[in-house]
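Protein chains in written order, with this note's numbering: chain A, 100 to 676; chain B, 111 to 371.
Just so you know, the hints here were simulated from the structure itself, not pulled from any lab data. Since the model is a prediction, treat every value here as computed from it, not as a measurement. Think of the CB as a built atom: it goes at the ideal place given N, C-alpha and C, for glycine as much as any other residue. Some hints here could point you the wrong way.
Covered stretches of chain B (in silico footprint by chain A; criterion: 3 or more residues with CB under 8 Å from a CB of chain A, positions within the stretch not fixed) [to be verified]: (1) 149 to 163; (2) 242 to 254; (3) 263 to 271; (4) 298 to 307.
Computed cross-link-like contacts, BS3-like style, restricted to lysine-lysine with a CA-CA straight-line distance of at most 30 Å [unchecked claim]: (5) A:259 x B:279; (6) B:190 x B:174; (7) A:371 x B:190; (8) A:500 x B:174; (9) A:371 x B:279; (10) B:175 x A:500; (11) A:593 x A:500; (12) A:500 x B:190; (13) A:259 x B:230; (14) A:627 x A:593; (15) B:180 x A:584; (16) A:550 x B:180; (17) A:371 x B:230; (18) B:279 x A:395; (19) B:224 x A:371; (20) B:224 x A:500; (21) A:259 x B:180; (22) A:351 x B:190; (23) B:150 x B:187; (24) B:180 x B:287; (25) B:187 x B:279; (26) A:351 x B:224; (27) A:395 x B:283; (28) B:322 x B:174; (29) B:224 x A:395; (30) B:187 x B:174; (31) A:247 x B:283; (32) A:500 x A:627.
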Amino acid sequence: MEKQSYKNTLLIVIGNLILLLAVFSITAFAQGKTAPAASEEGKALYDDKCAHCHGIEGAGDGSAAENLLPRPRDFTRGLYKIRSTESGQLPTDQDLFDIISNGMPGSSMPAWSEILSEGEQWQLVAHIKAFYDGFEGASPRLIDVSGKVPYSEESIAQGKEFYTNLGCVDCHGVIGRGDGTSAPDLADEWGFRSWPANLWEQWNYRGGSTTEDIFKRFIGGIAGSPMPSFISSFRLGLTDEESARMNDLELKMDGDGLSDTEEEEYAALEEKLFMFEDIMLNVEEGVELTPEEQTKLDTALEPILEKSWHLANYVKSLGPEERPPAAVGDKVLRSQYRAEGLPGMNDEAWNEIQEVSYFPLVGQIVIDPRQFNPSIDSVTAKSFYNDNEIVFLFTWDDRTKTLPQTDDETGETVEDALAIQFPVKISEGPTDPKPYFIYGDSRPVYLWSWKVAEPSTVIEMNAKGIGTATVQADQAPIQAEGVYKDGQYQLWIKRSLTTEDRNDVQFAPGVFIPIAFSAWDGSNGDVKTKRAISTWYTFVLDPVPSNKRFVYPPLVALISVGLLFGLRSSVRRRQNT
Amino acid sequence: MKTQVVTILTLLIACVYVTAATAAGGDEAVESLVFPASYKAMSVSNGGTISGTVTFDGAAPEIKKLEITKDAQVCGKTDKFDESIVLGEGNGLKNTIVYLMDISSGADFPSGAKYEMDQKGCQFDPHVRLLPIGQRLTMINPDRINHNVHIFSDANPAFNKSQPGTRRKMNIKAVKKAEGPVSVKCDVHGWMNAWIAYIPHPYFAVTDENGKYTLDNVPPGTYQLGYWQEACGTNKDAPVSVTVEAGGTVTQDFTLAKMSK
Ligand SMILES: [Cu+2]
Chain A
100 MEKQSYKNTL
110 LIVIGNLILL
120 LAVFSITAFA
130 QGKTAPAASE
140 EGKALYDDKC
150 AHCHGIEGAG
160 DGSAAENLLP
170 RPRDFTRGLY
180 KIRSTESGQL
190 PTDQDLFDII
200 SNGMPGSSMP
210 AWSEILSEGE
220 QWQLVAHIKA
230 FYDGFEGASP
240 RLIDVSGKVP
250 YSEESIAQGK
260 EFYTNLGCVD
270 CHGVIGRGDG
280 TSAPDLADEW
290 GFRSWPANLW
300 EQWNYRGGST
310 TEDIFKRFIG
320 GIAGSPMPSF
330 ISSFRLGLTD
340 EESARMNDLE
350 LKMDGDGLSD
360 TEEEEYAALE
370 EKLFMFEDIM
380 LNVEEGVELT
390 PEEQTKLDTA
400 LEPILEKSWH
410 LANYVKSLGP
420 EERPPAAVGD
430 KVLRSQYRAE
440 GLPGMNDEAW
450 NEIQEVSYFP
460 LVGQIVIDPR
470 QFNPSIDSVT
480 AKSFYNDNEI
490 VFLFTWDDRT
500 KTLPQTDDET
510 GETVEDALAI
520 QFPVKISEGP
530 TDPKPYFIYG
540 DSRPVYLWSW
550 KVAEPSTVIE
560 MNAKGIGTAT
570 VQADQAPIQA
580 EGVYKDGQYQ
590 LWIKRSLTTE
600 DRNDVQFAPG
610 VFIPIAFSAW
620 DGSNGDVKTK
630 RAISTWYTFV
640 LDPVPSNKRF
650 VYPPLVALIS
660 VGLLFGLRSS
670 VRRRQNT
Chain B
111 MKTQVVTILT
121 LLIACVYVTA
131 ATAAGGDEAV
141 ESLVFPASYK
151 AMSVSNGGTI
161 SGTVTFDGAA
171 PEIKKLEITK
181 DAQVCGKTDK
191 FDESIVLGEG
201 NGLKNTIVYL
211 MDISSGADFP
221 SGAKYEMDQK
231 GCQFDPHVRL
241 LPIGQRLTMI
251 NPDRINHNVH
261 IFSDANPAFN
271 KSQPGTRRKM
281 NIKAVKKAEG
291 PVSVKCDVHG
301 WMNAWIAYIP
311 HPYFAVTDEN
321 GKYTLDNVPP
331 GTYQLGYWQE
341 ACGTNKDAPV
351 SVTVEAGGTV
361 TQDFTLAKMS
371 K
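One chain only, chain B, in its complex shape (with noise of 0.2 Å):
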């Protein structure tokens, strides 16, 4: 229901926003995150770096318990809560997306990495996962039990398949077209659910437990820096502008408040 809210709201922003914006494309329209009409990867010398802390405004809410229906020989070893809303030290906020909406050329995808998502225990990790457009995901079941994978795309074909026990690694296939973030539910869990964001460059970054992000080798230039969150939703209508100088460093937090349902 939460998410349905966030989705609405946002589309209802994204709508504005990107009228505004005249961005490409024709799916804009569900997103939640905002991509450059194109993007050109190029070695970049002298970049600069954004950082920052994001921090939830307010009393911290109640965080709820999940109610492990199933399997709790294994889902149940140890409690699960509900991760919309994660805070850290100083009320910061994990699981942010912090990023640049309007770069459009920049550094590369670093070459190698591998993308990983864990379900172990019952439980999504990471719950919010950038994913550059054109990568395989790995999906890690080291439970023995049954889950499934389905991912709620738009932009990108419908994906659901199961990943019994003994598929300790299953590797599923990469997306064309940056989207997102989408919900990822196991339907076996009801309770386990986190997000996958397919980028098209790699400014992007997810806030740590204690609400700290980092963009770097940032070529110099003025940026729209956006963000996302699951409770807090986006400032898509209104990012904030940074300007990056060679090799220079710029602080920019954010206060989100969670968003009336």
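Chain A on its own, in the form it takes in the complex (with noise of 0.2 Å):
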């Protein structure tokens, strides 16, 4: 259902995105503009704008890095993620700009290109470029990216083999949303936690999201990261019929062993690859190579090249490029009504609703503990009504299915878990306050909190504020199911539509109801008000069919788009005292 919806945008944006690749790959080859040399200028503009985070040496040790995940770049090794160079390689002139320029969504690394001229964001890449000596003199080799594959469905059915044969499934998980048996165990050449993209979420790669970069990306790998070079993953210069033909050599040569014949032909496939690998590690080494040699090394490339593409196209069809558009104004969350019954949660029927509704999350940084590096971003939410109930299937992604366990760092018992909020009483109007958005105030909120190692259970609870939450003695009967796959859970949650309980919130239909979203990843230490929470939303009960067309739309759009800036205004507020 999700899927669905990614999809359509996805022919839209990909659509553009050839058209713009057609434009942009004729200047693809340049290696782009060069930086001036080191100035005054260059460091008092680093000193002010870039060393609270970065360090005045440029160790990546800044006033402000102690709380950032990923951490500033430690400038003094010459390891950078992003590059249009060659494993190994260091970054073009071209890539610092450019990563300045843009930052690194998904990280605390600003984009400049508004705050800073052009001029002053070259002369910061001069100036960190000056704290590693290995740039003197250094001219990167560039990852050939002319023999591009046209995105299509072929190319993407190529790509999807490739991404399970190579290990791709090992750290971004079998789907690609980072939750690979690997994943957790990953750290970063400093030794700071290191997690694997989630590769749904297109608008967090660090480099960009064209189908150039996640190529560059993999060829390239992720220096300083555990995201390895996959360029020696093919065995370079054989034919597809010669790499089957080894791959069942080597199987028998686990097995029975082999006859003296193929024992022969097996050492003469492995001369092949090993002579044109000499070429490639002749490149690598530094070695200038006789125009025979390259031109061997160029059609021996070649292939890999392509197949590298379709893994690019298959990686680029996972999910949209921009962050979905927060459940606001037209987008706001509608249960509908739905006659025929509700579903369960694997019913077909929640296709009927083509457009999920997206709730952002952020860390809860206002009250300690707090959660500066939150690991789940979002939770979407489908939901339909009938004349008694009502049901919502909630999802979010977790790179780990984390059950009660104690933490490393802190020795507290730490689970994934979801809680959802209500006031208890609705607000009248856009005037009359809410409770305080993390766990109400001397307006109460109403809560249903689900946690993993109970997933077919949903407990009500009550809070006024932090600290006070407790359980509801008379739980209503909530039918409730958790399940974990691939990285994601999904919930699905069913209530009547009223109850007797006055601590409870009551449904009806026409009525903005504010709902708000607390999400704990264990694995992420998240514990009490360590957790990423949402601000308060609003959704409502689509009116009885009779006139299913009929719309609310500027008092939705006007108290959400409100009830957005109330947050962050809050947040802001709190986090200067």
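Build the complex from these two chains, which are given one at a time in their own frames, with help from the hints.
Listed below in structure tokens is the structure:
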């Protein structure tokens, strides 16, 4: 269901992309501009704008660094993630300029293009390079992006195979949500926690999400991080038939063993492979190739690069480029009336709702303990109701399923959990204040608390401020079912529209009901107030169908936008104090 | 964590030693071994031998069994243990590098030697690899599952390449600068770790399972003898002076204690 709506956006995005790329690839060969000499101006700018994160000496140890993950780059080792250059090479000046200009989405590295002039950004490039001797006289080799394979279903299908066979799954998970079996143990070269990208969230790619960007990342690797280069993953210089034969022989070698002739055959294939590999290693070692060798290498690389483009196309196909719009205005969550009965968790009926509502989450940084580096960044929802009951289907991405366990750092018991929050009393209009968005205040909130250890239970709670959440003595019968699969939780919840309990929220068609979320990722150390939260959003039970096209646009839009700004300024105010 | 401590400690010591010895180059600060400013290969006749045993000081520590969190059908066939301290007969300490710090001319590396590191069963073998600068290393993957070879170099370029199950042997490029030991990891299997020392001359040895080492064909002279051990650190600040006579044999044993954390 979710996938479908992604696909629609995707088709449009891709159409545009192909056009764009056609234009851009003409310029793609150019290495771009080079930086001026390092200057006093560059240093002054750096000390003013960058040093509090990256450190005066460029060691990534500025005063703000401690709370950031990923950490600000240490410039003294010459290790750069985002490069248009081959594995083991330094970035080009243009690469550094682009990063400064665009920032690194999904991290705290800001984009500077609107704050600094181009000239200033180039001065910064020069200053950053001066932190590492190795840049002197270096002329890094560029990744060849000339053989781009157009985006097509066929290419995607081929790419998907490589995604599995080359081991992307180990880290990025079976379908790419960053939940691979190796994911929980990764660290970068500085020893800090490193998470594989959730490949569905392309707006969080550090180095951009065009097919070229993706291609460059796995050809060149992401230096300093666990993500390796895959350039040597294919058997260079062998045809597909020869490679398949080698597979067979290796299987046999490990089984019954090879006959003498097979032994010879294998040795010949290996020799051929090593002959080509030798040429490639010469390039990596900086040896000048003869024109014949160059031609040989280019010819051998061609099919490998083609396969790599298929893989890039596959990764590109996984998700939209842009973060989905938040569930405000015309995207507000609407519970749809369904006379035919309310769907169970895996019911086809959920597909009737084309567009899921998207609720962005941020780290809770107002109250101690805080979460500066939340790992859950959104919850999505769909909902149906009928004359008696309402049902919700929530999903959220989490790279690890964490059952209750002791956190190494804090000694607290952590686990994955979700809480859905409503005010007990629904406000009369935009001027009637809502409870404080974190667990209420004198105006109480009503909570549905779900925890991974008991996936079929939702507990009703009330709170009148932080630290006051209490389990209701009288639990209304709420049905729930939570499952974890491929890096995503799905939680299905059903309750009667109304209850007898004065401390419960009551659902009625046509009323704007505030809703907010808290999510805990146990493996990220989330516990108590250390968690990801949303501000208040509103949702509404669509009126009973007689006039299904009835809309409430301006009011909803107003309320929701107002809420968003409200949260932003309140978080900021508290941060400052 | 432990390796970080090792590096930091040795780094501190290295700084002291390097300034005192004014060795050449700009990268010493992060290195754990000491290399001569330059080295000239020549033919050595009538060389002597330095040999000995490295012994672990104190009771044998508890050896941690590694948790195999992945690919158990391949990686879990045999139990894997932490290899930072491996003891043999009489507490002989395996995987200690013993070497000459200050030799400036002597024998060349044996010609035609092959340098390999195996990843069989999701464990690097050898755990400590000496690799002459300018030589390629062959990484072997008989497991038919994916590994990645991630080398934490500083003086030399970054290295991290995937070696899927279909690359049974993968040669990796030679480096130019003496460095190390640098740590080698497979990120796919977080417990896999090893060390590579990129060495500029052949007077390096790694102790065997009983802690024994031999440096032979040493030109007569007096040298500073150093060691490096993953968990026990180095003696860079206080190397042992040994004098080798033509055709003679010198015995030099070491007793190492685990560095406090
Ligand atoms: Cu591995």
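Cross-check of the supplied hints:
no.: 1; hint: 149 to 163; in the structure: violated (count 0)
no.: 2; hint: 242 to 254; in the structure: holds (count 3)
no.: 3; hint: 263 to 271; in the structure: holds (count 6)
no.: 4; hint: 298 to 307; in the structure: holds (count 3)
no.: 5; hint: A:259 x B:279; in the structure: 25 Å, holds
no.: 6; hint: B:190 x B:174; in the structure: 9 Å, holds
no.: 7; hint: A:371 x B:190; in the structure: 36 Å, violated
no.: 8; hint: A:500 x B:174; in the structure: 26 Å, holds
no.: 9; hint: A:371 x B:279; in the structure: 13 Å, holds
no.: 10; hint: B:175 x A:500; in the structure: 25 Å, holds
no.: 11; hint: A:593 x A:500; in the structure: 23 Å, holds
no.: 12; hint: A:500 x B:190; in the structure: 26 Å, holds
no.: 13; hint: A:259 x B:230; in the structure: 28 Å, holds
no.: 14; hint: A:627 x A:593; in the structure: 25 Å, holds
no.: 15; hint: B:180 x A:584; in the structure: 18 Å, holds
no.: 16; hint: A:550 x B:180; in the structure: 26 Å, holds
no.: 17; hint: A:371 x B:230; in the structure: 24 Å, holds
no.: 18; hint: B:279 x A:395; in the structure: 21 Å, holds
no.: 19; hint: B:224 x A:371; in the structure: 19 Å, holds
no.: 20; hint: B:224 x A:500; in the structure: 45 Å, violated
no.: 21; hint: A:259 x B:180; in the structure: 22 Å, holds
no.: 22; hint: A:351 x B:190; in the structure: 27 Å, holds
no.: 23; hint: B:150 x B:187; in the structure: 46 Å, violated
no.: 24; hint: B:180 x B:287; in the structure: 35 Å, violated
no.: 25; hint: B:187 x B:279; in the structure: 21 Å, holds
no.: 26; hint: A:351 x B:224; in the structure: 26 Å, holds
no.: 27; hint: A:395 x B:283; in the structure: 19 Å, holds
no.: 28; hint: B:322 x B:174; in the structure: 24 Å, holds
no.: 29; hint: B:224 x A:395; in the structure: 26 Å, holds
no.: 30; hint: B:187 x B:174; in the structure: 17 Å, holds
no.: 31; hint: A:247 x B:283; in the structure: 27 Å, holds
no.: 32; hint: A:500 x A:627; in the structure: 18 Å, holds
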